[in-house]
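Enquirer: Chain by chain, the residues run as shown.
2 protein chains.
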Amino acid sequence: MPIFEKARELAVINSSAAVIGWDQETYLPEAAAKHRADQLAWLSSRAHELSTSDAWRRDLEEAEAADDGSDFKKTANLREMRREFDRATKLTVELVARDSVASSLAKHAWADARERSDFSTFAPHLETLLGIAREKADLWGYADEPYDALLDGYERGTSTAAVARLFDEMRPSLREISAGAVEHSASHAPSLPPGPYPVAAQQHFNARIAASIGFDFDAGRIDTTTHPFCTTLGPRDIRLTTRYMESDFTSSLFGVLHEAGHGLYEQGLPQDDFGLPSGSAVSLGIHESQSRLWENHVGRSREFWEHWYPVAQGTFPQLAGFPLEKFLRYLWRAEFSPIRVEADEATYDLHILLRFELERRMVSGKLAVKDVPAAWNESFRELFGFAPEDDRHGCLQDIHWSMGGLGYFATYTLGNINSAQLFAAAGKQQAIADAIGKAHYLPLLDWLGKSVHAHGATLDPAELIRSATGTAPSTDAYLAHLKSRYL
Amino acid sequence: MPIFEKARELAVINSSAAVIGWDQETYLPEAAAKHRADQLAWLSSRAHELSTSDAWRRDLEEAEAADDGSDFKKTANLREMRREFDRATKLTVELVARDSVASSLAKHAWADARERSDFSTFAPHLETLLGIAREKADLWGYADEPYDALLDGYERGTSTAAVARLFDEMRPSLREISAGAVEHSASHAPSLPPGPYPVAAQQHFNARIAASIGFDFDAGRIDTTTHPFCTTLGPRDIRLTTRYMESDFTSSLFGVLHEAGHGLYEQGLPQDDFGLPSGSAVSLGIHESQSRLWENHVGRSREFWEHWYPVAQGTFPQLAGFPLEKFLRYLWRAEFSPIRVEADEATYDLHILLRFELERRMVSGKLAVKDVPAAWNESFRELFGFAPEDDRHGCLQDIHWSMGGLGYFATYTLGNINSAQLFAAAGKQQAIADAIGKAHYLPLLDWLGKSVHAHGATLDPAELIRSATGTAPSTDAYLAHLKSRYL
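Protein chains in written order, with the working numbering: chain A, 838 to 1324; chain B, 838 to 1324.
A hint or two may mislead.
Pairs count within a copy or across copies, as identical chains cannot be separated in the list.
Each computed DSS-like pair below joins lysine-lysine, with the alpha-carbon atoms no more than 30 Å apart [as the list claims (entries may be wrong)]:
#1 Lys-1203 - Lys-911
#2 Lys-910 - Lys-927
#3 Lys-1163 - Lys-1275
#4 Lys-871 - Lys-1203
Hints were generated in silico from the structure; no laboratory data involved.
These numbers were taken from a predicted model, which means no experiment stands behind them.
Chain A on its own, in the form it takes in the complex (with noise of 0.2 Å):
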């Protein structure tokens, strides 16, 4: 089918760019960085032409004549394709143009104002950025407002109101466990014995526990950079990162173990539909849920490091007296920072709430930019208690919305919802609980390949979750664990 040839051809074009994007985070020289950009932007030039071509467009539609529906992955690849195609093709040239002109000044602006903590300086910058959101919204149409076309780019199928009711409905227990997980955790003071915990050791050791929990070393590698991630350079080529602290091995590995969630997901899709949607990641929030799953409910058990302390211990001399009670109180420490990233599991959603509200007025226009820090101070004191000391430190510290990526934060928190679900749902197979009791993954990565992995973006991510659950998304497992977990 000439439509699916194009979808691999434009695969082959964009995985490409990630083999130089992925070069350009770990190895490239310094002086380097100017015509990398270029090489970056011929190849993302050639994909845009190719995917918003009238070539594609026509064998789209033939494709779409011919398709009598009797073949469900077919189909809903081409359903897939037509979704892209329209996203990309619904908006202006002009509209695209001057998207990135603001994006790329705001960015730097963002990064000015962050660093001198003045959002007035911004605040001009965010007032366009959400003029472009709200016309792309309006291009690309919406059922009840403009925030459901924002969000339906990050996670297809899931209308503001519904992300709305989990968050609504998570809100207060999450006050009460993290509230009870900071309390507990003040009173115990958990810490690690000192570093130096060798980088080469460390190395070693997460290498050792990924491959146990089955990412594929043949068809993947770890590398350093400053920010973890993890990225596809192929249908076999999954590259992690990780960073480095030789005062904490664990952040290193927890690093690890979430970028290889996120790497068991992409070595699990059909390799043959590798450039079809029925060989992608669907959302971002499966794709977190993976990442989580691997992090906190597998990395951060009691069974798992039952398994693996020992192992440490042997690695790392300074644990040697240092007992598993005092390590596990150590990673589920929990502390009200006012920074997102630096948050830990109990607390991390409040921000993501906070987030999610803050955007939805911003994008209705029922917040004005002008009122954001003010907002933004008065739902942060009312979560956690008090105020952060100055805009660095609050409605600055993220790069999201200078990037006009509006619409993506949900996410982190739907990811989160949806790895207990799909944890509990496999804890639920005895041989799976039997395994994970043992610190054997396997069976619980099998069954994750098989419900999530292998569907691709043939399902909407709610119609993912159920399937593989049996019901839809709720927030009761995720609820339950954190309460089990902290209180």
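With chain A's structure known, arrange chain B on it following the hints.
Expert: Positioned in the frame of chain A, the structure of chain B alone reads:
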């Protein structure tokens, strides 16, 4: 100028392929090879498409018509772009496709034939490739013999007769020098104190040396591969590789010195002209002159080691009681090996002379393919005094023919000749000679930068040598160098 913009775009495409190719050699996971080949094929098609397009032709013609010859660099750029365009477009699409299939089949057949040391199964492939090479030569055109047209692809402006003249001139001296060197070496049985020379220490030592000769690590790196190479990922992004033997630290070091020689050339090319002939290396023979200069004239010299040997002794404790004289004798060891890639400085060129003569006779039809093994063994015996034990150690040892690379080998010895002529010319300047005496090489690099690198490909190789040294290419300096070191 539109044609120059197109040339820069082509450089973006080709350098993107270089990033992807570099990663393929350094960090590619095992299972990722198939998709990687798709990425490289896609980029190579785009490069071919662009550089042979009607638009390219039109822009080039327009620029040529508008050129009044008043700007030397511009005129040279247009002349060289014309040369490349004609070489690419004079071949028919049918021939290019046939060539690609034939080379691909031949490469597999060669690997298999070499494995089993059975020339007969490779012979029909070589026959086909020779036929294609003659067809190409006819389409490209030549003055005296078809081999001229093949050579011109690697060393432009050089004729077969001119190369033959140089090689014939060298032949008696080379035989005398190599025989003397091998005899002297055999009587001293030079060796290095046993390893291990730890890889991390080698890396540190090599990087110090590379930096000291001027390799800019802000615009380049050194990584590890089975076969050392140098590749250009952008005007300020030059990647070297080497390989490590724990038993001999000089193996990785000379890999680095050789590749750094290539890299210094690439780093010295005019950055703003990246993608234009004036910002590109001119030929393989000049490129190899830079690698051989740093490897042999600098890296195997007494002056170099008078400075660096104490550092090596500090780095590798087993060298402590091993005197510099013995170490130099180890570096200058010579042996008649049947295998070119294992050959030392004193015997290397004999391998090239043999191949050049055989290739020339094969292409002209004076040597039938079926007679190649016998002719090889006869020539080999004449030059080295013994015949290789089998074709695997004889006419099947090199990959070049199986890739259709007829005409390539000569550039290795041209590089050696050029390296000596350039090094001798630089050394005539007292300040450079004084600095070299103290193992300070930045004045030498500066001279090479101005005399060689800065010209890009605006001069033919022979013109470049004359412009840099004041005389036409000659074997005098090279033979003098070999005699002084080995006799």
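Enquirer: Compare the structure with each hint and give your call.
Expert: Verification of the hints:
no.: 1; hint: Lys-1203 - Lys-911; result: neither (42 Å within a copy, 60 Å between copies)
no.: 2; hint: Lys-910 - Lys-927; result: within (25 Å within a copy, 47 Å between copies)
no.: 3; hint: Lys-1163 - Lys-1275; result: within (21 Å within a copy, 60 Å between copies)
no.: 4; hint: Lys-871 - Lys-1203; result: neither (41 Å within a copy, 53 Å between copies)
Checked against the numbered hints above, the structure violates hints 1 and 4; every other hint is satisfied.
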